[in-house]
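*Asks:* Each chain, written out:
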Amino acid sequence: MHQGQTLKVGLVLASPIIVYFAAFFLYPLLNLLQNAFTSTSGSFTLANFQSMLSDPILSVSLSNTAYYFVGSVALEYSVGFVVAVILYAYTGRLKSVFRTIIFLPLMVSPVVIGLMWLLILNTNYGPLDYILSPFGLGTVNWLGSQSLAMPSLILANTWEYSPFVFLIIYAGLQTVPPHLYEAASVDGLSRFETFRYITLPSIRPSIVVAFLLNAIGVLKGFDLIYVLTNGGPGFSTYILSFYTYVVGFSFFETHYAAAIALLFLAIIGTFVFAMLRFTSVEEYLGLRRGKGE
Amino acid sequence: MKGRNLLLIAILAVISLVYLFPIYWTVVTSLKTSTEVFTRPPVFFPSQITLSNFFVSVDVFRAVSQTAVGSIPWMIDSTIIAVLATLISTFLIAAPAAYALVRFIRNVWLARLILFMTMIPEAVFVVPFFIIDAKLGLLNTWWGLILVYISFSAPFSTWLLMGFFNDVPKSVEEAAQIDGLSPYQIFYRVSLRLVTPGIIAAVILSFISCWNELLYALVITFSPFPSGSQTVPLFLTSFIIVEKSFNWGGLAAAGIFTMLPTMIMGIFAQRYLARGLTLGSVKG
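First to last, the sequence lines map onto chains A and B. Taking my numbering, the leading residue of the first sequence gets 244, the next gets one more, and so forth. Taking my numbering, the leading residue of the second sequence gets 13, the next gets one more, and so forth.
Where hints are given, some of them may not hold.
Distance windows between CB atoms, simulated [as the list claims (entries may be wrong)]:
{"id": "1", "chain 1": "A", "residue 1": "Gly475", "chain 2": "B", "residue 2": "Val26", "range": "29 to 37 angstroms"}
{"id": "2", "chain 1": "B", "residue 1": "Leu63", "chain 2": "A", "residue 2": "Ser523", "range": "49 to 57 angstroms"}
{"id": "3", "chain 1": "A", "residue 1": "Asn473", "chain 2": "B", "residue 2": "Thr62", "range": "24 to 32 angstroms"}
{"id": "4", "chain 1": "A", "residue 1": "Ala317", "chain 2": "B", "residue 2": "Tyr196", "range": "43 to 51 angstroms"}
{"id": "5", "chain 1": "A", "residue 1": "Phe521", "chain 2": "B", "residue 2": "Ala187", "range": "36 to 44 angstroms"}
The set of hints was computed from the structure by calculation and includes no laboratory data. A virtual CB, placed ideally from N, CA and C, is assigned to each residue, including glycine.
Please take these sequences and the hints and turn them into a complete structure.
*Replies:* Shown next, in the form of structure tokens:
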């Protein structure tokens, strides 16, 4: 096929997604911009952005988002990573059984996960209090206290998401060529040195991809908060996604919600841009190798 | 070596216990009698098992009593919405677009755009989508949700299928071209069939994410009465709001009952899903 025909076929096949792009991306984006830069009477204004600066709930939501983000990603990532390394070290027959069990939380709907943790974290009759009772904690109000609500959410979120990190890292570990390990043992490297100088560099793509996808998953989070704490107690578990929803659909301030949504989009955009710019994540996701260029 | 593996089995058993426990606890709670639900210390192994929690009535939506098993109409709505959104986004939008982007319009910026669209949180577009559905008169309808669900499932499936199409050897398509097939015939009859594992992964993951979606469902099918368009997560959240402090057995039963379809699907399709869940970074 010559050049012009190639383009024509491509455009015909891509025409549904072009329509999609206009209707489900450009139009909502323009709608957000239009709402964010107008008042309820429809005239141009910057008031929605000015009120962000003096909105105490927004600043609480932003710092909660940072707390939730750092706490969840740190815990999920380290748990998922360590579990992957442990399963990789094990060479017996139960491997696939363990793998399936660790995979299970990914198959449970987030609302049901919320429900499960509601039962587990309950103050008087929940099992977690009982399991921790030898440590002398007494009855703990996990979800009802300002200081513990967020850690409890992070705990539930870790159960949900660490298997995801596990999945990526574990798959990465399996791609390390065995001859590298043979060379390492010939050279007399210790187990730690082998891990540090052979394994880690080999699974660099998985390390970066797992971080990106884990981080995005955490920023998207909404369901667990809606079910477990509904933002409370007080505003202690308001994060950006939840606050956008509340402003739009409990306060019914559509224009202000649009401005907050744009801020949210800008934060996600900056994060993704930084990841693409400063890591090789595109290459690891197959972008330069195959898709495009 | 043997001793090391035994130690690892012990550690992995503890890890498995941690991942299994919330599921176990919910199953056990759904099977307990109400006296064993509210006891201190909590009962880990119930002495008596009952299925009555699955049939206890609860006022879920205003003046509408439901049982866990009574969630079946909601499951049917969820299924119809998820199936239609999945079919449209996978076969009508994603498959041809992915093929075009891999074979005909290779452009790194378009690929980046697709990737970015998979990462936009639902909360960002929830206001515009509500406004659009309201203008089109689609609030509280199937199509209101289907259209919105296509918004996240189409870029996801496109990105996933791009990876699969990219793995199809060009020589196969060149052979088909020599046989006289048009580019569209090659796409439809040759390449699309060669990426069947990708299609399976896209379809299942798209179905599960539509079935599980909460935020859009809350906003677009907000009616306090059953409207024939409300999905399972909405049923569950209203069940939770009503029953949070009283009927845990019923709550657990509703969670277990509604979780079964996607869970069974996911376990059987496990080997197809790893690659999809990780946006194509995990192969095999």
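*Asks:* Now look at each hint and say whether the structure bears it out.
*Replies:* Verification of the supplied hints:
Judged by the Cβ atoms, the range 29 to 37 angstroms given for Gly475/A and Val26/B holds: they are separated by roughly 33 angstroms. At about 54 angstroms, the beta-carbon gap between Leu63/B and Ser523/A stays in the expected band of 49 to 57 angstroms. At about 31 angstroms, the CB distance of Asn473/A to Thr62/B agrees with the hint of 24 to 32 angstroms. Hint check: Ala317/A to Tyr196/B, Cβ distance near 49 angstroms, so the stated range 43 to 51 angstroms holds.
The beta-carbon spacing between Phe521/A and Ala187/B, approximately 43 angstroms, falls within the hinted interval of 36 to 44 angstroms.
Against the hints set out earlier in the document, no violation occurs for any number.
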